[in-house]
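Asker: Protein chains in written order, with our numbering: chain U, 279 to 511; chain C, 279 to 511; chain Z, 279 to 511; chain X, 279 to 511; chain B, 279 to 511; chain R, 279 to 511.
Hint data in this document are derived by calculation from the structure and do not stem from the laboratory.
Check each hint, because a few of them may be wrong.
[What the hints assert, rightly or not] Per label pair, the in silico range of CB-to-CB distance:
hint : chain 1 : residue 1 : chain 2 : residue 2 : range
1    : B       : Asp351    : C       : Asn326    : 50 to 58 Å
2    : U       : Gly492    : B       : Arg318    : 31 to 39 Å
3    : Z       : Glu350    : B       : Asp351    : 53 to 61 Å
4    : Z       : Glu293    : U       : Glu297    : 39 to 47 Å
5    : U       : Gly308    : B       : Glu473    : 34 to 42 Å
6    : Z       : Glu415    : C       : Asn508    : 39 to 47 Å
7    : C       : Arg318    : R       : Thr413    : 39 to 47 Å
8    : C       : Asn326    : Z       : Glu479    : 53 to 61 Å
9    : X       : Lys395    : C       : Leu476    : 28 to 36 Å
10   : U       : Pro510    : Z       : Lys480    : 23 to 31 Å
11   : C       : Pro366    : X       : Ser491    : 54 to 62 Å
[Said to hold, decoys possible] For the chain C half of the interface with chain U, some residues (derived, Cβ under 10 Å), not all of them:
hint : residue
12   : Leu307
13   : Leu339
14   : Glu343
15   : Gly378
16   : Tyr379
17   : Thr413
18   : Leu414
19   : Glu415
20   : Val462
21   : Arg486
[Said to hold, decoys possible] Distance condition first, Cα-Cα at most 25 Å in a straight line; then the derived BS3-like pairs of lysine-lysine:
hint : chain 1 : residue 1 : chain 2 : residue 2
22   : X       : Lys324    : C       : Lys313
23   : R       : Lys354    : B       : Lys483
24   : R       : Lys296    : U       : Lys324
25   : Z       : Lys345    : B       : Lys465
26   : X       : Lys345    : R       : Lys465
27   : X       : Lys465    : X       : Lys285
28   : Z       : Lys354    : X       : Lys493
29   : C       : Lys502    : X       : Lys345
30   : U       : Lys502    : B       : Lys354
31   : X       : Lys313    : R       : Lys345
32   : R       : Lys345    : B       : Lys502
33   : Z       : Lys296    : C       : Lys324
34   : X       : Lys285    : C       : Lys296
35   : X       : Lys483    : C       : Lys502
36   : B       : Lys493    : R       : Lys296
37   : Z       : Lys345    : Z       : Lys328
38   : B       : Lys324    : U       : Lys324
39   : Z       : Lys328    : X       : Lys324
40   : B       : Lys313    : X       : Lys313
Computed from a prediction, not measured in an experiment: that's the story for all the values here.
C-beta: ideal position from N, C-alpha, C; glycine also.
Number of protein chains: 6
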Amino acid sequence: MKIMKIKRPPKRVNEDIKEISTATAWSVLGSLGIKSVIMRGIFPLKPNTKMVGPAQTLYYLPLREDKEYTAEDLRKSAAMRLAEETKPGDVIVVDSGGPGYYGGMGDVMITGFAVKKAAGMVFDGVIRDSPYVRTLEMPVFCCGVQPSTTPRNMPVAADVMVRCGGVLVCPGDIVMGDDDGVIVIPKEKAEQVAELGLEREKIEKYSRRLLESGKPLNYAYPPKREWLDNPPI
Amino acid sequence: MKIMKIKRPPKRVNEDIKEISTATAWSVLGSLGIKSVIMRGIFPLKPNTKMVGPAQTLYYLPLREDKEYTAEDLRKSAAMRLAEETKPGDVIVVDSGGPGYYGGMGDVMITGFAVKKAAGMVFDGVIRDSPYVRTLEMPVFCCGVQPSTTPRNMPVAADVMVRCGGVLVCPGDIVMGDDDGVIVIPKEKAEQVAELGLEREKIEKYSRRLLESGKPLNYAYPPKREWLDNPPI
Amino acid sequence: MKIMKIKRPPKRVNEDIKEISTATAWSVLGSLGIKSVIMRGIFPLKPNTKMVGPAQTLYYLPLREDKEYTAEDLRKSAAMRLAEETKPGDVIVVDSGGPGYYGGMGDVMITGFAVKKAAGMVFDGVIRDSPYVRTLEMPVFCCGVQPSTTPRNMPVAADVMVRCGGVLVCPGDIVMGDDDGVIVIPKEKAEQVAELGLEREKIEKYSRRLLESGKPLNYAYPPKREWLDNPPI
Amino acid sequence: MKIMKIKRPPKRVNEDIKEISTATAWSVLGSLGIKSVIMRGIFPLKPNTKMVGPAQTLYYLPLREDKEYTAEDLRKSAAMRLAEETKPGDVIVVDSGGPGYYGGMGDVMITGFAVKKAAGMVFDGVIRDSPYVRTLEMPVFCCGVQPSTTPRNMPVAADVMVRCGGVLVCPGDIVMGDDDGVIVIPKEKAEQVAELGLEREKIEKYSRRLLESGKPLNYAYPPKREWLDNPPI
Amino acid sequence: MKIMKIKRPPKRVNEDIKEISTATAWSVLGSLGIKSVIMRGIFPLKPNTKMVGPAQTLYYLPLREDKEYTAEDLRKSAAMRLAEETKPGDVIVVDSGGPGYYGGMGDVMITGFAVKKAAGMVFDGVIRDSPYVRTLEMPVFCCGVQPSTTPRNMPVAADVMVRCGGVLVCPGDIVMGDDDGVIVIPKEKAEQVAELGLEREKIEKYSRRLLESGKPLNYAYPPKREWLDNPPI
Amino acid sequence: MKIMKIKRPPKRVNEDIKEISTATAWSVLGSLGIKSVIMRGIFPLKPNTKMVGPAQTLYYLPLREDKEYTAEDLRKSAAMRLAEETKPGDVIVVDSGGPGYYGGMGDVMITGFAVKKAAGMVFDGVIRDSPYVRTLEMPVFCCGVQPSTTPRNMPVAADVMVRCGGVLVCPGDIVMGDDDGVIVIPKEKAEQVAELGLEREKIEKYSRRLLESGKPLNYAYPPKREWLDNPPI
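Looking at chain U on its own, in the form it has when it is part of the complex (with noise of 0.2 Å):
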């Protein structure tokens, strides 16, 4: 199995979401009728941590002890093929069965990717080696962490699209994380995502500097669209 190329967004597009927060995102994609794109139950392994880039997916099983799975299996595996195609800026997102399960990612698989570049990892279940993992620069969201292997997991598929944190991924769609959380914004999306998502910052700023000025809260918020032609401060 050959792994697909990825649609990678513009550079620019990809830039301007870096600016806007998660739930900035997800107040937009609301506003779009899109709601069902938060990831439960995984979170960033250290704070302060901004990920954004697309989605390179990848589908784990568990393994059970009557199939053989060696090492010369793993070495042929869609996880391997999976970092030889990853392009700097492409986020992993990988489906291993949520916080029970561990998925095959420790280490030197995680620095498999970052070694590629890769602007971060979303992980739908527990790493392990994660002294060493919190010092690459890559980030990792996760569901938590452990020393063991078990219960084992095998990678299936690379490229498909995937369930991870309780939301559809697919293959290319923007994969946006922050401190509050992961969100997927759907590759068709990013663009008006972007505009509008740069818009809301701006006004919310707004929002704040006139709070910092003194003006009631109620005069700040909700914030309002016509301040992107009048300024409010």
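Model the placement of chains C, Z, X, B and R on the given structure of chain U, informed by the hints.
Answerer: Quick look at chains C, Z, X, B and R alone, frame taken from chain U:
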């Protein structure tokens, strides 16, 4: 996509496994080195339930508002085709994402499998319409009940390997459930589990009869394999 | 403080809603744009339960040892006054803080509402004396049971908007419960839910009958509104 | 190690406590300043259960693969010796580590205590073989059920103080359980709880009869101690 | 509705309580018979936090789609009026329904209280915009973070008794928080807690100094009240 | 009762294990057939923690109000005696019943072990005084923090086998903890784990260096034992 025909176990093997508890089958599988077979968090909708049969699998992914999913899509979906392929005695095994998810299974859909004389349904999610579903003869094992269809799921594939209750299920594996829960018997091991399981049930019955006849617990337990040849009572 | 008289729904509307499942009522409300109506974590004390009626609400706050709260205070409390105002068919809805709380409801207090022929009680907390309460005809929905009265709660108001199972309940809203759980029907929507719900139940019954007569699942489901005029069977 | 003989309560005290609910016994103990007596997370395997009797305790520790633990070790273990010492009416109380643990109790082991006419078993862990155990007359209270024996435990001592459901249980303490849960009555308080509890049950019965005869709730409740001398109905 | 002015504690009392840990204040309150004062499930957004001040309370109820709630409603709401009444050193205490709820508090709303020099906010729900909120000096204690505003809440009252983290908070009670969590000091007890708490901190400091000087643990602990007059070191 | 002297590992073994992560030690133990060694639900109070040393164990049972337990009892308790026996480098391992329990460990008690230069404390329960405890050099692993001492526990034995985080710990076993969690190395296996673990760390380092030098992931991983003799880079 056409649903492939699964290979079903010989009728005698299926009948023999019905005489065995999930606890005994688990012990036998463990003695064969196979341990990752217990579904977690999945329980019978009603007590005093027993279910055994080959797995017909179904795989759901979460819906997202930017993806249109119509009644017509559902009519053409893998779930509908699987219902057509279901034979008496089959067990429908659905990966719908775990306890947080509704998976498109309410009274009518479940009835669709019950009228085919399926042996049962294992649903890794929550169902709705439980007042009606409880009236069906077909046993249903699931993570819980609720009146709503949110968060929504869509069936994307049948007849594939799935994760259910945290374990791997392949089409045709024997799935068995009782009040203790649900376990998977790899299809290649079904005959062996039937044979060893019946033996185990036999010597455990001796244990209980010894106790009832007044023998001390450490005489009666653990049971001994030699009792198969020399009954202790 | 006097308990205001709630406006109760026409008898026919109440009877019609009794013919509808919570699942169907939820679907109808959803089609009207009303979704935040499912109580989470609240289940019937006994299976095979059905309850429909207008809400009489009660609001508890935690007790603190520096506040004196005597038997006399309880006798004069909102809970006692509400019991006097309860009419046959009313549903008592109590915000007592969720699963961590005991809320001053044991066998005698609950009997106080049962003798008034209340249609049921929804209790967002744990009750005690469940062995006795199970013997009552009046259904009770709650978060769980325990033998103690800690942490303690005190009734502070009746006949007010409350939060129960995570949703808003206004006095007079229709509250319905069955084995799937409990939902709230805003009083202004009760008539519409009764009408649309009966229609929905009717076409779903056609779906099930079609299946029982051997029609394929994707013919029988989803049911079609046109069947109301042209029955498919 | 020999199991010491516990001091059992007078037959009359035991019978009297059977007339009292756990809720009432808890209230009486609370009035004596004793509050830390409710087991958390332990429920009856079947509804409509009542159990009262003196505690025979058992203490388990987790097994580790570097420690050999053979069938012979089990035969010589404290669990086996305790089964021999069990007298009709005793309640077997097992600390097996809480809901995450299997504790070496399945159908045969539990039958070993049932044939001794034990009044019940309280198991701070999960059991297996629940389909069979449900058929026994002896009530079993536990944290849950599962088909497996993992994680495994080994009995290390009987007749010692144990932690069960989060509370201290000393050999000979009276343990009582019903559908509300399980509580411990310190043995020195058993007689007092029997006496005060019967009084409490008596006046609560007056409360319910007053309600049934049409008296207002705040007349009937809270019940008054003076009713013992001057029945209100 | 006008927000009533709460009675604030003398500056010295407030300053003294700042020298005391929540653990010590809890012990002192317990010695006065007041135990139901610990908020459960509410933690500081950032470690190394300390907060003390009089409570300004806010009460939210869930929104339901049949109730219109506009930006204008929010502008006129109790939350906005409370922001105007907030004085430097006040602690904003919000009952928004617990960990499952978003409660209308994101970066701008929280900034609205921060610019008033509030001493902190205790939020019984989840907040959003945590990346920004973490940059504020004002400490925030809450149940968690997420990017969305669902399920939505609406502020219905300020300046009322509320339930927060499972305990009663009255306007003007002293609320204190540190890394151990949040507790409530009934306003009438504030002076006594300040005095006794400082004494307790003093003798515990002797305990630690004795240990550091090489004294055995059972000499140094528990600390003795007599050390206030005769320092042991 | 006198605390027996535990046998401590050779200094070199202890130092070698400090160079190994818990993840690697777990893998090595697994290859020796020893798997039940990971403590569940126990995490470091502060990130970037590393702890290795022989276990000194302590066993707590819940207090009950009918049992008197005075300051004098505590002074004579096993906890106090264990503090006296603690040697530099020891790890104090306390079974206090899991996340629901406070176990008699606050700032002074913990300081009592810290001044003895203990290598760390593993506490199967919640501690208090975390603001102070965080300032200590000695790492503390526990289930959480809170300001109160309820539910209360009492130390009943030291120097015994205990259950901690769900696994067996014998006095003298090597306990190691880092940000992934805590594991137990049976004392008889310590030397072997040190040796094999260092080898494993060495070849994993080659894996990461290969990746950093641009080699593909499936070349670098899984690492090969033969690299010990023939370094791949």
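Asker: Each hint: holds or not?
Answerer: To see whether the hints hold, each was checked on the structure:
| no. | hint | result |
| --- | --- | --- |
| 1 | B:Asp351 <-> C:Asn326: 50 to 58 Å | 53 Å, holds |
| 2 | U:Gly492 <-> B:Arg318: 31 to 39 Å | 37 Å, holds |
| 3 | Z:Glu350 <-> B:Asp351: 53 to 61 Å | 40 Å, violated |
| 4 | Z:Glu293 <-> U:Glu297: 39 to 47 Å | 58 Å, violated |
| 5 | U:Gly308 <-> B:Glu473: 34 to 42 Å | 52 Å, violated |
| 6 | Z:Glu415 <-> C:Asn508: 39 to 47 Å | 58 Å, violated |
| 7 | C:Arg318 <-> R:Thr413: 39 to 47 Å | 40 Å, holds |
| 8 | C:Asn326 <-> Z:Glu479: 53 to 61 Å | 29 Å, violated |
| 9 | X:Lys395 <-> C:Leu476: 28 to 36 Å | 31 Å, holds |
| 10 | U:Pro510 <-> Z:Lys480: 23 to 31 Å | 56 Å, violated |
| 11 | C:Pro366 <-> X:Ser491: 54 to 62 Å | 58 Å, holds |
| 12 | Leu307 | 9 Å, holds |
| 13 | Leu339 | 5 Å, holds |
| 14 | Glu343 | 5 Å, holds |
| 15 | Gly378 | 6 Å, holds |
| 16 | Tyr379 | 7 Å, holds |
| 17 | Thr413 | 31 Å, violated |
| 18 | Leu414 | 28 Å, violated |
| 19 | Glu415 | 31 Å, violated |
| 20 | Val462 | 8 Å, holds |
| 21 | Arg486 | 30 Å, violated |
| 22 | X:Lys324 <-> C:Lys313 | 29 Å, violated |
| 23 | R:Lys354 <-> B:Lys483 | 22 Å, holds |
| 24 | R:Lys296 <-> U:Lys324 | 23 Å, holds |
| 25 | Z:Lys345 <-> B:Lys465 | 12 Å, holds |
| 26 | X:Lys345 <-> R:Lys465 | 12 Å, holds |
| 27 | X:Lys465 <-> X:Lys285 | 9 Å, holds |
| 28 | Z:Lys354 <-> X:Lys493 | 15 Å, holds |
| 29 | C:Lys502 <-> X:Lys345 | 22 Å, holds |
| 30 | U:Lys502 <-> B:Lys354 | 16 Å, holds |
| 31 | X:Lys313 <-> R:Lys345 | 12 Å, holds |
| 32 | R:Lys345 <-> B:Lys502 | 22 Å, holds |
| 33 | Z:Lys296 <-> C:Lys324 | 23 Å, holds |
| 34 | X:Lys285 <-> C:Lys296 | 46 Å, violated |
| 35 | X:Lys483 <-> C:Lys502 | 54 Å, violated |
| 36 | B:Lys493 <-> R:Lys296 | 31 Å, violated |
| 37 | Z:Lys345 <-> Z:Lys328 | 39 Å, violated |
| 38 | B:Lys324 <-> U:Lys324 | 12 Å, holds |
| 39 | Z:Lys328 <-> X:Lys324 | 22 Å, holds |
| 40 | B:Lys313 <-> X:Lys313 | 13 Å, holds |
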